[in-house]
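> Below, each chain spelled out in residue letters.
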Amino acid sequence: MTTIETFVRVLDLGGTFVFAISGALLAVNRRLDLFGILVLSFVAGNFGGIVRDVLIGAVPPAALSDGRYLLVSVLAGLITFFLYSGVDRLRSPVALFDAAGLSFFAVAGAQKAIEFGLSPVMAALLGMLTGIGGGITRDILVAEVPQVLRSDLYAVAALAGAGIVVSGDQLGLPYGISALAGGLLCFGLRFMAIRYGWHLPVAHLSAQGRAGVEGRKDGGDN
Amino acid sequence: MTTIETFVRVLDLGGTFVFAISGALLAVNRRLDLFGILVLSFVAGNFGGIVRDVLIGAVPPAALSDGRYLLVSVLAGLITFFLYSGVDRLRSPVALFDAAGLSFFAVAGAQKAIEFGLSPVMAALLGMLTGIGGGITRDILVAEVPQVLRSDLYAVAALAGAGIVVSGDQLGLPYGISALAGGLLCFGLRFMAIRYGWHLPVAHLSAQGRAGVEGRKDGGDN
Amino acid sequence: MTTIETFVRVLDLGGTFVFAISGALLAVNRRLDLFGILVLSFVAGNFGGIVRDVLIGAVPPAALSDGRYLLVSVLAGLITFFLYSGVDRLRSPVALFDAAGLSFFAVAGAQKAIEFGLSPVMAALLGMLTGIGGGITRDILVAEVPQVLRSDLYAVAALAGAGIVVSGDQLGLPYGISALAGGLLCFGLRFMAIRYGWHLPVAHLSAQGRAGVEGRKDGGDN
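Chains as they are written, first to last, in this note's numbering: chain B, 3 to 224; chain D, 3 to 224; chain F, 3 to 224.
Only chain B is shown next, with the shape it has when bound in the complex (with noise of 0.2 Å):
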């Protein structure tokens, strides 16, 4: 196993743990038992992942071919489960731990679409992707919107740590530094949007637009 090898390995692992922590907080918050904790742990950690794996054709996906995932999701859930009257005197404990989450998987996963060939463009999107996937999935499995649909600067973070990555592949950069240097920009990104609220512009909706909006969800289904 090389450097890169054993680096991509350890930002995934340690992505997975903090994702998979988001996914069993918000399980607890969702008054899941243990087992629907255990489950989120492992889907809010794994599928953003499993998806990118799915997507590049390497198949079985590292989460199911290798352990340490399972185990390291499991320990989140655990953790969480018995030390959560702890944890939740954090301030914002899923947004920051999602924030951390983001920015490892952002860059493990444009390096892993660089490896299997991808283009850079599409390899920064698929870090994107591979970030927020296992965010949109928890987000689904309790019925509610996806936070990284609402969110300020959040796919925009994963997206610019991504294509840090990225561009210092195309430079000959060595991965270590353009992987801290792009996992630092979106996790500051994230964290300055969450503290003072920056985000992104919302479309004007005239008056005709909102009726139409309570119609379609009062009446319609076309």
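I should point out that these hints are in silico values taken from the structure, not numbers from a laboratory. Among the clues, some could well be false.
As the list claims (entries may be wrong) - A few chain B positions that, by computed beta-carbon distances, are all more than 12 Å from chain D: (1) 9; (2) 73; (3) 87; (4) 121; (5) 141; (6) 152; (7) 176; (8) 197; (9) 201.
What the hints assert, rightly or not - Computed, partial: chain B to chain D, Cβ under 7 Å: (10) 58; (11) 59; (12) 151; (13) 205.
All of these numbers come straight from a predicted model, not from anything done at the bench. Where is the CB? At the ideal position from N, CA and C, for every residue including glycine.
Since the structure of chain B is already known, use the hints to place chains D and F on it.
Here is chains D and F on its own, set in the frame of chain B:
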């Protein structure tokens, strides 16, 4: 690239564009931000094709290996974002764009499934799934019951269009003709269903059945 | 085709039928039309197996390359559609059919994962995922939190059944015996959980935790 491949690609890009518009319109209606709009555009425009490609083993999917799908999706999202107040004056724009995208995808999906050696019945079914996959994912992402499961003749229209393409292939007709016929049939069926309220029958629910529904909704999880 | 392969196929088709029934019943309860019923039948009956096949690289999935899965799903949907008022008199029919489908799929999914060379732990996990994948997708499609995340011992029962099959394979027992034992254990656990309200523990939520939940629900996407 042969003529058939070019035609399939054009259908795919056209379907991507109109589905992406439908995703962007829904995202604007649900007050998602700019990136949420672009994400929903990409998902609505490409998820049907991505699911099809993963299922037939064509990985990485065309939507990831060919940058034009991304470009077309982003373009559709930006147009909707900046020109929404103009677009929303059209009557039922979501439904019309949706019907056009459905027709494009059902035809192109069936053809690609034939090329990958699936049986005629399965190719028609996969054409239907290609057509409805993007819309289903779009609706799930905003936490709604997918339109396809409620709408009048939605999946039937896609299946009919895909069936024409498969039948034409079995009869040795030129692809262009059967694709055009299948697409028009699908769009026509969908349009008439919207216009005249054509719909499929709903199962008879006894009083006990309705009580059971409400009981399940309120209380239980079994 | 060897005896084992035949047995796996029979289990798969049986599981498809009972899961499709559960999908059709839910679709009728949610007032979907005939095609919505058939779509939900197919999804509930086949999505677990399709996800399993995509993950282990067996594409196109058996549910698409073998027409009998489609036939069985459509049959289940039509039976439910025409005989619903009879079927719904059975006590908790959705839960019972669901338990039977879960047992079939957990056993067959674990066996197929073993055949594709996955490790014992992952084969058991994949058996569980095969069992719960169809039901999760079925519930997501009607915009509900999946039953598996709330239900008493649901995933645990599937994991136990799959675990028996994997253990039997490791010990060199005939597949028929371990499959029967695993299936009965899974069904028995699920049945007892429904009958006697067996359930897994839920994490302790402090007062602050509950406040946080409500705050997140009402307001923000922090």
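> Take the hints in turn and mark each one as holding or not.
These are the hints, each one checked on the structure:
Residue-level check passed: residue 9/B sits 23 Å from the nearest beta carbon of chain D, beyond 12 Å. Distance check for residue 73/B against chain D: the nearest CB is about 27 Å away, which clears 12 Å, and the non-interface claim stands. With a least beta-carbon separation of about 25 Å from chain D, residue 87/B lies farther than 12 Å from that chain, consistent with its non-interface assignment. Not every beta carbon of chain D lies more than 12 Å from that of residue 121/B, the smallest distance being close to 7 Å; the non-interface claim is violated.
A beta-carbon of chain D comes within 12 Å of the beta-carbon of residue 141/B; the shortest separation is about 9 Å. Here residue 152/B does not stay apart from chain D, with its beta-carbon only about 6 Å from theirs, under the 12 Å limit. Distance check for residue 176/B against chain D: the nearest CB is about 26 Å away, which clears 12 Å, and the non-interface claim stands. Against the 12 Å criterion, residue 197/B stays outside the reach of chain D, whose nearest CB is about 17 Å from its own CB.
Distance check for residue 201/B against chain D: the nearest CB is about 6 Å away, which does not clear 12 Å, and the non-interface claim fails. The closest approach between the C-beta of residue 58/B and any C-beta of chain D is roughly 5 Å, which is under the 7 Å cut-off, so the hint is satisfied. At a threshold of 7 Å, the smallest CB-CB gap from residue 59/B to chain D is about 4 Å, leaving the interface hint in force. For residue 151/B, the suggested interface contact is upheld, since its CB lies about 4 Å from the closest CB of chain D, less than 7 Å.
For residue 205/B, the shortest C-beta to C-beta distance to chain D is roughly 4 Å, which falls under 7 Å, so the interface hint holds.
Consistency with the previously given hints fails for numbers 4, 5, 6, 9, ordered from lowest to highest.
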